[in-house]
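There are 2 protein chains.
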Amino acid sequence: MKTYTASITVTLRRAILDVQGKAVEHALHSLHMPALGSVRIGKHIEVEVQAPDTDTANDLVMDACKKLLTNPVMEDFHIALVEKAAGVPA
Amino acid sequence: MKTYTASITVTLRRAILDVQGKAVEHALHSLHMPALGSVRIGKHIEVEVQAPDTDTANDLVMDACKKLLTNPVMEDFHIALVEKAAGVPA
Numbered sequence: 002m003k004t005y006t007a008s009i010t011v012t013l014r015r016a017i018l019d020v021q022g023k024a025v026e027h028a029l030h031s032l033h034m035p036a037l038g039s040v041r042i043g044k045h046i047e048v049e050v051q052a053p054d055t056d057t058a059n060d061l062v063m064d065a066c067k068k069l070l071t072n073p074v075m076e077d078f079h080i081a082l083v084e085k086a087a088g089v090p091a
Numbered sequence: 002m003k004t005y006t007a008s009i010t011v012t013l014r015r016a017i018l019d020v021q022g023k024a025v026e027h028a029l030h031s032l033h034m035p036a037l038g039s040v041r042i043g044k045h046i047e048v049e050v051q052a053p054d055t056d057t058a059n060d061l062v063m064d065a066c067k068k069l070l071t072n073p074v075m076e077d078f079h080i081a082l083v084e085k086a087a088g089v090p091a
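Chains as they are written, first to last, in my numbering: chain E, 2 to 91; chain A, 2 to 91.
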């Protein structure tokens with residue numbers, strides 16, 4: 002069994018108005034930063050996964066995303082998996 | 002002037018208890034997904050930046066992170082900059 006670290010990025014779909022992003026954009030402009038715009042705010046989730054291989058780990062995370070972590074109607078997600086280096090065996 | 006897309010990942014520092022992550026972890030276990038654990042939840046922010054070069058763009062985003070987007074006492078952040086492909090010139 003290996004340990005993987007999954008980084009999940011959840012973003013609102015492009016077609017959906019991001020009110021939180023708009024608020025931050027206005028705040029940036031109020032702080033005299035006109036060079037920054039089109040702000041979109043999403044979630045970043047890090048999870049540790051115990052799985053025998055990368056494919057199984059990916060399936061487990063995908064399942065969690067669909068069942069709990071994201072709203073598939075409004076959000077897109079992207080998963081990046083990295084295997085954790087094994088510790089020195091006892 | 003070039004347009005860059007900055008992806009900012011804001012995470013709570015390791016030493017700080019992530020209650021939202023803990024709640025999600027409990028929910029995952031309740032949904033019979035015991036292979037997933039150590040959940041940490043952060044923010045993912047996408048911003049478009051107008052700047053003459055990558056260094057200036059990075060400085061602008063760094064400044065926005067320090068002044069508005071993150072809480073430097075509790076959070077770490079990471080910036081990834083990608084230059085947007087220029088459109089066909091008129």
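Just so you know, the hints here were simulated from the structure itself, not pulled from any lab data.
A few of these clues could be false.
Note: identical chains are not told apart, hence a pair may lie in one copy or across any two.
[To be verified] DMTMM-like cross-link-like pairs, simulated, lysine to aspartate or glutamate; straight-line CA separation at most 20 Å:
id : residue 1 : residue 2
1  : LYS44     : ASP54
2  : LYS67     : GLU84
3  : LYS3      : ASP77
4  : LYS44     : ASP56
5  : LYS68     : GLU47
6  : LYS23     : GLU47
7  : LYS23     : ASP54
8  : LYS68     : GLU49
9  : LYS67     : GLU26
10 : LYS3      : ASP19
11 : LYS44     : GLU26
12 : LYS23     : ASP56
Here's how the hints hold up against the structure:
For the identical chains of this complex, LYS44 and ASP54 are neighbours neither inside a copy (26 Å) nor across copies (28 Å), given an alpha-carbon limit of 20 Å. For the homomeric pair LYS67 and GLU84, neither the shortest alpha-carbon distance inside one copy (22 Å) nor that between copies (31 Å) is at most 20 Å. In this assembly of identical chains, LYS3 and ASP77 lie within 20 Å of each other by CA distance neither inside one copy nor across copies; the values are 27 Å within and 27 Å between. In this homomeric assembly, LYS44 and ASP56 never come within 20 Å of each other (Cα to Cα): the closest approach is 23 Å inside a single copy and 26 Å across copies.
For the homomeric pair LYS68 and GLU47, the shortest alpha-carbon distance inside one copy (16 Å) is at most 20 Å, but the shortest distance between copies (25 Å) is not. In this homomeric assembly, LYS23 and GLU47 come within 20 Å of each other (Cα to Cα) only across copies, at 12 Å, whereas the closest approach inside a single copy is 26 Å. Taking the shortest alpha-carbon separations for LYS23 and ASP54, neither the intra-copy value of 41 Å nor the inter-copy value of 25 Å comes in at or below 20 Å. Taking identical chains as interchangeable, the C-alpha atoms of LYS68 and GLU49 lie at most 20 Å apart only when both belong to the same chain, with a minimum of 17 Å there against 32 Å between chains.
In this homomeric assembly, LYS67 and GLU26 come within 20 Å of each other (Cα to Cα) only across copies, at 15 Å, whereas the closest approach inside a single copy is 30 Å. In this assembly of identical chains, LYS3 and ASP19 lie within 20 Å of each other by CA distance neither inside one copy nor across copies; the values are 38 Å within and 24 Å between. Within a single copy, LYS44 and GLU26 get their C-alpha atoms as close as 17 Å, and across copies as close as 16 Å, so both meet the 20 Å cut-off. Neither within a single protomer nor between protomers do LYS23 and ASP56 lie at most 20 Å apart by alpha-carbon distance, with minima of 38 Å and 25 Å respectively.
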